[in-house]
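K.L.:
Chain by chain, the residues run as shown.
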Amino acid sequence: MTLDDESLLGLVHAAIDEYNESATVPLGKAEDTPLYGGGALDSLGLVQLIIVLEQHVLDRTDRALALAADKAFSPARSPFRDVASLVAYLRQRLQEE
Amino acid sequence: MSPRVVLVTGSRKGLGRGICEYLLEQGWLVEGCSREPSDLQHPRYRHHCLDVADEPKAVQMFGDIRRRHGSLYAIVNNAGIAAMNHVLLTPIATVRAVLETNVLGTFLMCREAAKLMRKDGGRIVNFATVATPLDLEGEAAYAASKAAVESLTRVMSREFAGMRITVNAVGPTPVPTDLIRSVPAPKMEALLKRQAITRMGELRDVLNVIEFFLRDASDFVTGQTLYLGGVT
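For the protein sequence lines, the chains are A and B, in the order given.
The first sequence begins at 48 in this note's numbering and counts up one residue at a time.
The second sequence begins at 31 in this note's numbering and counts up one residue at a time.
Keep in mind the hints are simulated off the structure, nothing from the lab.
Careful: at least some of the hints might be erroneous.
[As the list claims (entries may be wrong)] Result set (SDA-like, lysine to any residue): computed pairs, CA atoms no more than 20 Å apart in a straight line:
#: 1; chain 1: B; residue 1: 149; chain 2: A; residue 2: 118
#: 2; chain 1: B; residue 1: 87; chain 2: A; residue 2: 110
#: 3; chain 1: B; residue 1: 149; chain 2: A; residue 2: 68
#: 4; chain 1: B; residue 1: 217; chain 2: B; residue 2: 100
#: 5; chain 1: B; residue 1: 149; chain 2: A; residue 2: 89
#: 6; chain 1: A; residue 1: 118; chain 2: A; residue 2: 106
#: 7; chain 1: A; residue 1: 76; chain 2: A; residue 2: 87
#: 8; chain 1: B; residue 1: 149; chain 2: A; residue 2: 135
#: 9; chain 1: B; residue 1: 87; chain 2: A; residue 2: 109
#: 10; chain 1: B; residue 1: 87; chain 2: A; residue 2: 98
#: 11; chain 1: B; residue 1: 87; chain 2: B; residue 2: 72
#: 12; chain 1: A; residue 1: 118; chain 2: A; residue 2: 108
#: 13; chain 1: B; residue 1: 149; chain 2: A; residue 2: 106
#: 14; chain 1: B; residue 1: 149; chain 2: A; residue 2: 64
#: 15; chain 1: B; residue 1: 149; chain 2: A; residue 2: 132
#: 16; chain 1: B; residue 1: 87; chain 2: A; residue 2: 132
#: 17; chain 1: B; residue 1: 87; chain 2: B; residue 2: 117
#: 18; chain 1: B; residue 1: 87; chain 2: A; residue 2: 74
#: 19; chain 1: B; residue 1: 149; chain 2: A; residue 2: 60
#: 20; chain 1: B; residue 1: 149; chain 2: A; residue 2: 90
#: 21; chain 1: B; residue 1: 87; chain 2: A; residue 2: 118
#: 22; chain 1: A; residue 1: 76; chain 2: A; residue 2: 109
#: 23; chain 1: B; residue 1: 223; chain 2: B; residue 2: 245
#: 24; chain 1: B; residue 1: 87; chain 2: A; residue 2: 111
#: 25; chain 1: B; residue 1: 149; chain 2: A; residue 2: 143
#: 26; chain 1: B; residue 1: 87; chain 2: A; residue 2: 102
#: 27; chain 1: B; residue 1: 43; chain 2: B; residue 2: 89
#: 28; chain 1: B; residue 1: 87; chain 2: A; residue 2: 87
#: 29; chain 1: B; residue 1: 149; chain 2: A; residue 2: 51
#: 30; chain 1: B; residue 1: 149; chain 2: A; residue 2: 103
#: 31; chain 1: B; residue 1: 149; chain 2: A; residue 2: 65
#: 32; chain 1: B; residue 1: 149; chain 2: A; residue 2: 141
#: 33; chain 1: B; residue 1: 223; chain 2: B; residue 2: 237
Everything numeric in this text was worked out from a predicted model, so none of it was measured.
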């Protein structure tokens, strides 16, 4: 299943909404809002967001993506550094597999 | 309070079957899995056919559990295989199979279970063995695989503590099941003599420890491997 950018953004927003339900510091959803590496996500928070996003991707596409690449935890190169980079990463991963 | 959900791996026969039946008696919603279908019929039991080391099928099973129940409270990682032979007579394919099921399977089941437990906390119970601390001859691959499970138990207990998930292991002595059916009687007698209490284990011994780990009051107990029979 191919998802357009609006659908991908919807998946990321849904994951952020679910993450925020139990977060002490909620995440913003604007495209340039910093997430990991300068944003509100610490490494444990990043793990939680990745898990939630993987579940939303599975529910929507029936595909089990492992989103935690090594570079996920690099503050400078992480695809989780903001919402826009996360959408781009998701698009790339869904096209790859 | 609605019944809690527990997943028991290797649930078709032996200890796994007994654990399922006990937890059903106690009112749990029980999900079970094994390579082969199960004939266990119960309104609160659902069986999944898969190899615990098969990542795509495991992810599918946990997705199904999440969709039907929303979360998972506990997993009992009972699935395991043994290989009892002298190192010099053990094919590497046998070692690989033991590691696949016992180590990779346990890792995969814990990883996916913790994802479903991360909101409400939970309990992970792994299976170790007295063969590890006793350094049993003839069980090199099996003992080593379970040593890895003990290590996973300790590391995961720390990684998952912030999610209120406890991770512990029970280390049974030999229990009369298929797992040990090929062990010669003299070897078994010698093994039992190395325990403080020199009898075979029974299902109730294992259930007692599992029940202890699953209790609400055991939320301060994690990273532990509890051996039966007085083995240390």
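K.L.:
Next, verify each hint and record whether it holds.
P.N.:
Now the hints, each set against the structure:
no.: 1; hint: 149(B) with 118(A); verdict: violated (26 Å)
no.: 2; hint: 87(B) with 110(A); verdict: holds (12 Å)
no.: 3; hint: 149(B) with 68(A); verdict: holds (10 Å)
no.: 4; hint: 217(B) with 100(B); verdict: violated (47 Å)
no.: 5; hint: 149(B) with 89(A); verdict: holds (17 Å)
no.: 6; hint: 118(A) with 106(A); verdict: violated (25 Å)
no.: 7; hint: 76(A) with 87(A); verdict: holds (12 Å)
no.: 8; hint: 149(B) with 135(A); verdict: violated (28 Å)
no.: 9; hint: 87(B) with 109(A); verdict: holds (12 Å)
no.: 10; hint: 87(B) with 98(A); verdict: holds (18 Å)
no.: 11; hint: 87(B) with 72(B); verdict: violated (23 Å)
no.: 12; hint: 118(A) with 108(A); verdict: violated (24 Å)
no.: 13; hint: 149(B) with 106(A); verdict: holds (18 Å)
no.: 14; hint: 149(B) with 64(A); verdict: holds (14 Å)
no.: 15; hint: 149(B) with 132(A); verdict: violated (26 Å)
no.: 16; hint: 87(B) with 132(A); verdict: violated (30 Å)
no.: 17; hint: 87(B) with 117(B); verdict: violated (32 Å)
no.: 18; hint: 87(B) with 74(A); verdict: violated (33 Å)
no.: 19; hint: 149(B) with 60(A); verdict: holds (19 Å)
no.: 20; hint: 149(B) with 90(A); verdict: holds (17 Å)
no.: 21; hint: 87(B) with 118(A); verdict: violated (27 Å)
no.: 22; hint: 76(A) with 109(A); verdict: violated (25 Å)
no.: 23; hint: 223(B) with 245(B); verdict: violated (32 Å)
no.: 24; hint: 87(B) with 111(A); verdict: holds (10 Å)
no.: 25; hint: 149(B) with 143(A); verdict: violated (31 Å)
no.: 26; hint: 87(B) with 102(A); verdict: holds (15 Å)
no.: 27; hint: 43(B) with 89(B); verdict: violated (23 Å)
no.: 28; hint: 87(B) with 87(A); verdict: violated (34 Å)
no.: 29; hint: 149(B) with 51(A); verdict: violated (30 Å)
no.: 30; hint: 149(B) with 103(A); verdict: holds (15 Å)
no.: 31; hint: 149(B) with 65(A); verdict: holds (10 Å)
no.: 32; hint: 149(B) with 141(A); verdict: violated (27 Å)
no.: 33; hint: 223(B) with 237(B); verdict: violated (23 Å)
Checked against the numbered hints given earlier, the structure breaks hints 1, 4, 6, 8, 11, 12, 15, 16, 17, 18, 21, 22, 23, 25, 27, 28, 29, 32 and 33 and satisfies all the rest.
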